[in-house]
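Engineer: Given next are the chains, with one letter for each unit.
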Amino acid sequence: MTRKSRRLILIAACGSVLALAVGLILFAMSGSIVFFRSPTDIAAQGIAPGTRLRLGGLVKDGSLKRGAGETVEFAVTDTNATVAVQYRGLLPDLFREGQGVVAEGVLEPGGLFRADTVLAKHDESYMPREVADALKAQGRWQEGKEAAKGTGKEAATASAGGTLGPRSER
Amino acid sequence: MIVETGHFALALALALSLVQAVMPVWAARSGDPALRQTAGQAALGAFACVLFAFAALTYAHATSDFSVQNVVENSHTQKPLIYKLSGVWGNHEGSMLLWVLILTLFGACVAAARNSVPPKLRANTLGVQGLITFVFVLFIVTASNPFTRVIPAPLEGNDLNPLLQDPGLAIHPPLLYVGYVGFSISFAFAVAALIDGRIDAVWARAVRPWTLTAWVFLTLGIAMGSYWAYYELGWGGWWFWDPVENASLMPWIAGTALLHSTVVMEKRDALKVWTVLLAILTFSLSLVGTFLVRSGVITSVHSFATDPTRGVFILAILVLFIGGSLTLFAWRAPLLRQGGLFAPISREGALVLNNLFLVAACATVFVGTLYPLLLEMLTGEKITVGPPFFNATFVPLAIPLLLIVPFGQALAWKRGDVLAASQRLFFALAVALAAGFATLAFAWGGPVMAPVGVGLGAYLLIGSALEIYHRARGYGASRTRVPGQIARRALGLPRSAWGTALAHAGVGVVVIGIAAQGWATEALATLKPGETLATGPYVATLDRLAPRTGPNYEEAAAFLTVRERDGEGVGHMVGHVETGKRFYPSRRMTVTESGLLTVGASQVYASLGEMGADGGVGLRLYYKPLVLLIWLGAVVMAAGGALALTDRRMRVGAPAKARARPLPQAAAVPAE
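Chains as they are written, first to last, in this note's numbering: chain A, 757 to 926; chain B, 710 to 1381.
Keep in mind the hints are simulated off the structure, nothing from the lab. In this text, a Cβ means the ideal position worked out from N, Cα and C, and glycines have one as well. Take the hints with a grain of salt, since some may be wrong.
Simulated restraints on C-beta separations [stated by the list, open to error]: (1) B:F1136 x A:E864: 49 to 59 Å; (2) B:G1309 x A:L764: 28 to 38 Å; (3) A:G779 x B:E1231: 49 to 59 Å; (4) B:F1151 x A:G779: 27 to 37 Å.
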């Protein structure tokens, strides 16, 4: 085998593995990406039912209902719009009314959001950044602890010195 | 006072690391080799200083010195001592100090190691290492000082995030950091070779023990992190393709590729430029990982609340080292004499294929991890790239890679024979197919990929065993059929051969463990005491609910008895499980403690939900068949790496080089 053909084989091997990787990435990108939407986005954009997405906002006060068989229903709001969510499973430890939440699942034709994953905060001192940004976009950013105490109506600004401040400010 | 001294020691380490970085350059310019010695002494001094600083911070945590802000924010007088100690690195400042401690530890090891590294290469390596240390200590001193005082000192601290109050915190970060930071040595060696403009088998042999050490620790660290997430987060998953997990996986994949390409370079004097590039990329990915996790661009338990200047600083470090080293590579790499090309069908050809697939797999993880960040930065659109993406890209690249593992081992160096290799592997392939079909028939109607995975794992296991067998049996005239002689020869094989076989077998064990998760089951119900919940082959009965008090928490615990399922009825008892919800008053935070019952390598996993008003409680029960194999396999892999590390060849210089060009120290000197 000549030097040239060895080199050609090496280049062909590199090229084909690279092409395989790029092909796989492009294929997977087209099918498996999940977009983040706020309740306002869902109301405004008319997202087709059956689309998989991430919904983020605050859990509406007084909306949490526990049904039979560990099914829970709650509403996610960003004060402009509200989306009803149904979820079967155990809620995360830091899931609370008036607090930030991200739910991943599918929007059903009736406007109900059927979630298969619910994420709350890892730590009481911050909320998912997506939620913080979404709330800021709505002009009603407020610090997590105050949201728990207050009724969630006042449009507070980021509290100075709060542990949430730096993260959400960026 | 001790705290101030620790702060001062850190400043001293900053100065010493600068000396360490500058001296080799000065030595090269002035032509005075004695100056090179200074770099080694500075490295040892810097390590001593950082160790003192770290001990000072540990002291402040252990004695709950609430005049130190870091202690106030992360400690509490009632916290158990083990979490006071491990809490030192359970926060941003402390974790960066641990990072630098390990960085200087490695620098000191290179300075103190008595293996036969040419003095110039050693000095340049220490210089590069010194520069890395300097920049990171500068970061700590200016932007992330753990020794900041609070006046007046509060009476009580804020306590550590309860999720982190776990023995895992004592083990996972140090292991992971030794892995991450250990690759800085490979990086420093690569940059030193570029500066020198020369690279050869001596270089490969000098760098291999360091890469292997880092790899062993990173393997253990990732496995430990995975197990911790599995039992702590209460979702029963062992890998989430979370950005922080990917951040540790990427250097691991690149490091694995580096290990294999270094072997080719050592044995065949080929793939030189590629190996240097890979060494640079591996540590660059470690830095990217540090940036992702520590800068706060990603929210997770790993990202402690940080201020944005730190993120910018780490980004600047990232740009400096990755950009600088790649620029140096582009400039100097053409000077490195290229090794020869080799036959595609050979051991080295298979290792090239291994490198190709590993790098491609690493690239898919990289794209999946960074694309969402990039897209959000450019368009503001927020997306999530989750498990479906990685399953569709990583897995198809990993399967052919695993298929060629035993195959490459069966090929000879220089010129391999596909037919002979296939004949040698015939037994492994036959058993693997049989195992795959047997599991398919046994678990008919289950997931398709699970039997494929079991077959693949069996193929890897038997392939590793066959490799040892064939090497022990010998080739050509020395071939023997006497079992006793084979056994004797097998024991006489170099430890690196056993290490390789063990590591590859560990991969097989991991693959079987992952595949078996296809048969995992889960059940969810609201239970009252006395009621039962069934999943897989087991039935759990809720015996009682009772409150408990821990050192710094109150717990509502559920006690379950697990019995075997016997048709529709219940068989004999298997064991007890406790799961609870712990409330930590200091942080006003509740954490679910999942309960695990281990049966062989399988586990029953219980996770407690909300207490209902009617006395019922939500309970999630998982059956995880052979789940422990995932982490045990990783431990086997690491054990293989550690075994190879004890091989004599890891400690002596490359003999061929020593003969060709006798240097005072280059004669093969075994370690003490």
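Engineer: Each hint: holds or not?
Structural biologist: Each hint tested on the structure:
Roughly 54 Å separates the CB atoms of B:F1136 and A:E864, a value that falls within the hinted 49 to 59 Å. Against the hinted window of 28 to 38 Å, the Cβ-Cβ separation of B:G1309 and A:L764 comes to about 51 Å, which falls outside the hint. For A:G779 and B:E1231, the Cβ-Cβ distance of about 34 Å falls outside the hinted range of 49 to 59 Å, so the restraint is violated. Against the hinted window of 27 to 37 Å, the Cβ-Cβ separation of B:F1151 and A:G779 comes to about 35 Å, which satisfies the hint.
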